[in-house]
Amino acid sequence: MKTVLRYALLRWRGQIIGWGVALAMLAFIVASLYDVALQMRGQLEQLLKGMPPELMMFVGGVDRVFSPAGFLDTRYFSMLPLLLGVFAVLIGSGLVVGDEENGTLDLILAHPVRRVDLIIGRWLAFCVALLGILAMAWLGLIIASSFTSIKFGWLDMALPFVALFGVLIWFGGLALLLSMIMPSRRLAASLTGLILAASYFVTAFARLSPNLSVLAKWSPLTYYQGGSAIEGFNVGNFGGLLLMAIVSVLLSVWLFQRRDIRIAGEGGWRLSFFARRLRKA
Amino acid sequence: MNESLALQTQGLTKSYGKVLALRGVDLDVRRGEIFGFLGPNGSGKTTTIRCLLDLIRPDGGTLRVLGRDPQRESVAVRAQIGYLPGELRLDEAFTVEAALRFFSRLRGNHMDWAYARDLSDRLNLDLQLRVKNLSKGNKQKVGIVQALMHRPALLLLDEPTGGLDPLMQQQVLRAIREAQANGATVFFSSHVLSEVEEIADRVGIIRSGVVVEVADPQALIDRALRRVRVRFKKPIELEALLRLPGVTLIDQGDGSSVLLNVAGDMDQLIKTLAAYAVIDVDIERPSLEEIFLAYYTEQP
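Going down the list, the sequences are from chains A and E.
In my numbering, each residue carries its 1-based index in the first sequence increased by 121.
In my numbering, each residue carries its 1-based index in the second sequence increased by 596.
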């Protein structure tokens with residue numbers, strides 16, 4: 122499993138560095154703008170007051186925009202699930218099926234590697250990759266904040282990233298699970314991406330429309346705290362997302378152990394195990 | 597399970613939807629032999645090999661690999677196997693050496709690195725090249741090296757010489773013979789019949805998911821019809837020749853030469869010919885390829 126984990130990280134090292142540096146730079150830019158926003162507060166408040174109340178609710182109110190945690194939330198942490206969600210969905214859907222579709226999985230599984238070790242090793246690599254990216258972004262935020270009036274402790278500033286990690290592994294786990302069932306990685310990634318986008322908008326618009334609040338309960342992003350985690354981390358939300366991700370991974374392991382490995386170019390739904398069971402029944 | 601067998605399958609079946617890929621494959625491969633698995637594309641060669649590796653699960657039948665059940669003891673079985681897939685794909689992010697080290701680590705570093713270097717040298721494979729820059733033939737060489745480098749007890753090779761030039765093909769066949777000399781069993785599929793004839797101790801012919809023949813290549817050839825052209829000093833009466841079992845006339849010529857078909861033993865014909873003044877005897881021995889083709893053109 123150690124070899125699988127290590128080589129998966131080696132393969133993704135470019136992406137990890139790329140995403141990490143980009144998010145760190147974005148954190149740097151956003152944090153740097155906070156003092157500018159404070160200096161222009163009067164003008165900006167006038168501008169915000171002219172906005173429709175629905176839109177104000179969307180950003181969380183005037184006071185929230187000018188509090189350090191609120192500013193970071195609306196300007197940075199609220200968009201990270203969508204941005205980094207792309208990485209989570211693509212990596213999650215390709216953890217095993219990527220190699221299966223490009224034909225390299227046959228040779229790997231012809232070695233003395235248990236299927237469960239392969240999938241768990243890759244999953245752990247995915248988690249480490251996410252933590253690496255988030256750590257770089259966190260570092261960017263800490264460095265940038267030290268030059269501004271955002272005065273949070275280092276650990277406090279890590280909490281929104283921990284919350285983000287929870288929601289990202291939820292989507293990564295879903296992408297992995299769907300890739301075990303659907304005919305192609307692309308389809309699994311597309312469907313998970315669609316769920317990610319839908320979840321983002323349902324959660325956002327639920328603040329405007331009470332009718333959507335029932336639907337929002339099913340949206341994983343409802344349980345993502347974003348920047349407000351700095352002021353109080355919700356362990357229950359994080360634990361729930363983590364638990365769901367673990368369930369997705371365990372289901373994926375169960376499915377992967379029971380199905381045929383396809384050769385490159387093969388298509389079709391991956392339900393041959395169930396079809397065999399049905400035939401035998 | 598017979599302990600003298602490296603591979604044993606009985607009634608192996610596998611279908612993909614409505615397509616029956618294997619329709620009851622029965623195979624016994626002895627330990628230490630080189631077994632050539634012949635068949636055209638789509639006959640079930642690769643499906644059989646993938647069942648042996650537990651990459652796919654058969655619908656029915658039993659299989660044993662080195663005395664073990666490859667589904668129940670999958671890791672233990674694969675630890676003793678060197679596998680070369682028919683359509684080899686390698687991770688292009690690494691150099692050849694990094695790719696080989698990755699495969700070695702997957703085996704817990706149970707490999708002979710000096711042997712891997714020796715094989716690479718013999719195959720003119722540069723370990724420092726990046727996999728993405730390799731030609732198809734060079735990628736095949738990487739596949740050969742990774743299959744052999746840990747000196748496995750069983751080699752499963754799907755089209756091992758595919759994409760290689762004749763010189764390299766000979767190197768690969770030499771390496772396979774060396775592996776056998778060191779005690780390995782080699783099960784390889786091919787449709788290059790000349791190489792099968794050259795190195796296989798026995799061959800199995802698979803046709804539409806069923807093994808239709810297992811024999812040693814020489815026995816297959818010996819069993820087949822031979823064409824015998826005989827030139828006599830003067831015309832002879834053919835009755836004595838045509839009375840012999842297995843001998844039929846193809847062409848009488850001008851009476852002093854004759855073209856015959858001979859099935860089975862040549863002994864009686866040679867002894868009968870000794871009574872005549874013979875100028876020349878030309879025996880056309882069919883190639884394995886002709887025999888193989890006959891299986892696919894004559895049988896329903």
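Hints were generated in silico from the structure; no laboratory data involved.
Given the structure is predicted, the values throughout are model-derived calculations rather than measurements.
Glycine included, C-beta positions come from ideal geometry on N, C-alpha and C.
Treat the hints with caution; some may be incorrect.
[Claimed, not checked] Across the chosen pairs, the derived CB separations fall in these ranges:
1) E/R747 with A/I264: 52 to 62 Å
2) E/N637 with A/L364: 15 to 25 Å
3) A/Q378 with E/P636: 27 to 37 Å
4) A/I264 with E/L763: 52 to 62 Å
5) E/E880 with A/P304: 29 to 39 Å
6) E/D708 with A/L131: 53 to 63 Å
7) A/R134 with E/R747: 40 to 50 Å
Now for the hints, and whether the structure bears them out:
{"no.": "1", "hint": "E/R747 with A/I264: 52 to 62 Å", "verdict": "holds, 53 Å"}
{"no.": "2", "hint": "E/N637 with A/L364: 15 to 25 Å", "verdict": "violated, 48 Å"}
{"no.": "3", "hint": "A/Q378 with E/P636: 27 to 37 Å", "verdict": "holds, 33 Å"}
{"no.": "4", "hint": "A/I264 with E/L763: 52 to 62 Å", "verdict": "holds, 60 Å"}
{"no.": "5", "hint": "E/E880 with A/P304: 29 to 39 Å", "verdict": "violated, 53 Å"}
{"no.": "6", "hint": "E/D708 with A/L131: 53 to 63 Å", "verdict": "violated, 24 Å"}
{"no.": "7", "hint": "A/R134 with E/R747: 40 to 50 Å", "verdict": "violated, 33 Å"}
Consistency with the previously given hints fails for numbers 2, 5, 6, 7, ordered from lowest to highest.
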